[in-house]
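Position chain B relative to chain A; hints supplied.
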Amino acid sequence: AQSVTQLGSHVSVSEGALVLLRCNYSSSVPPYLFWYVQYPNQGLQLLLKYTSAATLVKGINGFEAEFKKSETSFHLTKPSAHMSDAAEYFCAVSERGGKLIFGQGTELSVKP
Amino acid sequence: DAGVIQSPRHEVTEMGQEVTLRCKPISGHDYLFWYRQTMMRGLELLIYFNNNVPIDDSGMPEDRFSAKMPNASFSTLKIQPSEPRDSAVYFCASSFSFGSSTDTQYFGPGTRLTVL
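If you're matching them up, the sequences are chains A and B in order.
Residue 90 in the working numbering sits at position 110 of the first sequence, with consecutive numbering throughout.
Residue 504 in the working numbering sits at position 114 of the second sequence, with consecutive numbering throughout.
Keep in mind that the hints are not guaranteed to be accurate.
Restraint ranges, calculated between C-beta atoms of paired labels, are given here [unchecked claim]:
hint, chain 1, residue 1, chain 2, residue 2, range
1, B, Ser487, A, Glu51, 28 to 34 Å
2, B, Asp420, A, Ser32, 43 to 49 Å
3, B, Ser397, A, Leu(-2), 37 to 43 Å
4, B, Ser487, A, Ser(-11), 29 to 35 Å
5, A, Ser(-11), B, Thr504, 20 to 26 Å
6, B, Asn442, A, His62, 19 to 25 Å
7, B, Ser448, A, Ser60, 40 to 46 Å
Keep in mind that the hints were calculated from the coordinates and are not lab data.
Yeah, the Cβ is synthetic: ideal placement off N, Cα and C, and Gly gets one too.
Chain A with its partners taken away, still in its complex shape:
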């Protein structure tokens, strides 16, 4: 069965600092991987997704993620945090043709 583990339910960074949100997955077949962002009182918005093309995936708002099969990881990064990045971030996995399985989420706080 597929699963997703997000390491750290809360991450706090200073404005301008590197953002690193960790995601590890488990899947019996090559997966599709997703990062979604949820701003307060809003629905989820797709940041980026990996579907077996390039292992480094670039998304919206300057975020990117790298698929590392050997580490079963799909960590999300952004070189320089902005106050507007404060939100909850969800990693998700799907086995092709299957349903999305979400991680528990990581709340990102950005300090001025």
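Relative to the frame of chain A, chain B by itself:
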């Protein structure tokens, strides 16, 4: 397009009452999903439809929950009778495809349900 539309945005009801949540998917999307988000269980898929037909309802918690999609532009999630443990945020999402590399689910703003 206006995106996925859900109503109401907030619902407060008393235990035992019937609750109906509504969703209008993005026009042209063939798949519709209902999710529930709680602190304890995170985001979980309840049911999804393809071309108005329920495909997988294995995530529906119990018989008190039912979902329908009478046409391509409208779906409901009903809880009868409601219980305090049903308190959660319920999201509707839609997508053009499912399980392909171009698949992207678009989420609505959610309905925050509180059962007293």
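Consistency of the hints with the structure:
no.: 1; hint: Ser487(B) with Glu51(A): 28 to 34 Å; in the structure: 29 Å, holds
no.: 2; hint: Asp420(B) with Ser32(A): 43 to 49 Å; in the structure: 23 Å, violated
no.: 3; hint: Ser397(B) with Leu(-2)(A): 37 to 43 Å; in the structure: 40 Å, holds
no.: 4; hint: Ser487(B) with Ser(-11)(A): 29 to 35 Å; in the structure: 32 Å, holds
no.: 5; hint: Ser(-11)(A) with Thr504(B): 20 to 26 Å; in the structure: 23 Å, holds
no.: 6; hint: Asn442(B) with His62(A): 19 to 25 Å; in the structure: 42 Å, violated
no.: 7; hint: Ser448(B) with Ser60(A): 40 to 46 Å; in the structure: 42 Å, holds
Checked against the numbered hints given earlier, this structure breaks hints 2 and 6; the rest are met.
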